[in-house]
Amino acid sequence: MSITIEHLTKRYGSFAAVDDVSIDIPSGCVFGLLGPNGAGKTTTFKCMLGMAASTSGSVAFDGLPLAPKTFEKLAYVPERSALWEWMTAGEHLEMQRRAFSRYNPNRASELMQLFQLDPRKRVGKMSKGMRTALSVVLAFSIEPELLVLDEPTSGLDPVNQRSVLKLMIDASAQGSTIVFSSHQIGQVERAADHLAVLKQGKVVLAGAVDDLKRDSKIVEGIFESESVALNGLAGDPRVSRVERTGRIIRFTVSEGSDAVAAELSRMGAQSVRVVDLNLEDIFLNAVDPAGAAADVVESR
Amino acid sequence: MPAVLTVDPRSGVPIYLQIIDQVKRSVALGVLAPGEQLPTVKQLALDLTVNPNTVAKAYRELERDEIIETSPGRGSFVRGNGTAQSAYAAASDVTAETLAQAVREARSIGLRPAQVRELFEAALARWFPEEQ
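Which chain is which? The protein sequence lines are A and B, in order. Be aware that the first sequence starts at 3, since it is given in my numbering, and climbs by one per residue. Be aware that the second sequence starts at 74, since it is given in my numbering, and climbs by one per residue.
If we strip away everything but chain A, and leave its shape as in the complex, we get:
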């Protein structure tokens, strides 16, 4: 199921929690939504699924607005678990069975075993991790076409975190579309093929993970003197950041590293080096262009 978010805005008074967000989520992809705390990830999910009224903008599922029918094919794992304290895990499964025709009892018991959950246990007696696991079990037990997971691994130990990633990968291989938010870039780096980064309610970076990694580089030139004119490179849209340290100039580029490297050679650089950036570097550069690249370069 594809999702098209266009110019989505959610205002609380004068504060825009989500600010003109446009995101294309292709059918069958695993989409990672990244961003610092308070960037608007949860609000975006809520507006997307009609749980909060958006101020403006539109969301379409397979080209159509959200309809009651959409909910039958969709599972949502909220950031704060929406479980009933006084009910047992098994009673939650029973509610899921009654609500969703797609509910698969065999799948549900496999998943309960995977996370070692006891159906007789009351939610009120569960740890944070067990609640997250139960929410994940409920979502995957209906074998949905679209899964929206808000921080689906919070509170889980590394073994169960890996289990959740594998469930997402398995569902994706069966053709489901998966949208998830995470603080852990490593999880997005593994499981996602597309991503968007939100900062203060705005999309600051979006694209296919492979393309972002392939195209984002640091191009470093070493010159004979410290006074080299940058020609047009300083204002080049491909260049997101320029740093000078004596005779060394470093350009962080979002694409076209070969062209920038060739340009540095033409400008008379003695040496030109192209360095790969990993997703963490790219992320930090997107959310904090002023501070990030310096750390990146120092740490190499």
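Take these hints with a grain of salt, some might be off.
Unchecked claim - Below are the DSSO-like pairs computed for lysine-lysine, each with C-alpha atoms no more than 30 Å apart in a straight line:
hint	chain 1	residue 1	chain 2	residue 2
1	B	Lys115	A	Lys75
2	A	Lys168	A	Lys123
3	A	Lys168	A	Lys75
4	B	Lys115	A	Lys168
Hints are computed from structural coordinates only; laboratory data are not their basis. The model shown is predicted, which means the values in this text are computed figures rather than measured ones.
On the provided structure of chain A, position chain B as indicated by the hints.
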């Protein structure tokens, strides 16, 4: 397929390129023999805990490079019917990439083509002494 593949998701190299490189090296060395079946996209994605579309992309490129072939319903196999064709193709691809990187680096630190050629001849003489 033997469990030889590993990926480093934290590397700056896209995961699909890491898979392609490792499959090519395995084919070149005969660790993956002609006709040998590769895991399904789903299986490899689960084994490596990486996105299935990423694995599918790697397989598509390996097909395009004529290293593997996929028949619908049966799966993906290393190409070559008894010949060493796929192994040769894989070995050339891996070597071409390594050489390109070395030459790019030589240029970036200021060497001229004639100097690079001289170094290349020296390396050949060192590693293929019997054929000089």
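Verification of the hints:
no., hint, verdict
1, Lys115(B) - Lys75(A), "holds, 22 Å"
2, Lys168(A) - Lys123(A), "holds, 25 Å"
3, Lys168(A) - Lys75(A), "holds, 20 Å"
4, Lys115(B) - Lys168(A), "holds, 10 Å"
Violated hints are absent here; each numbered hint is respected by the structure.
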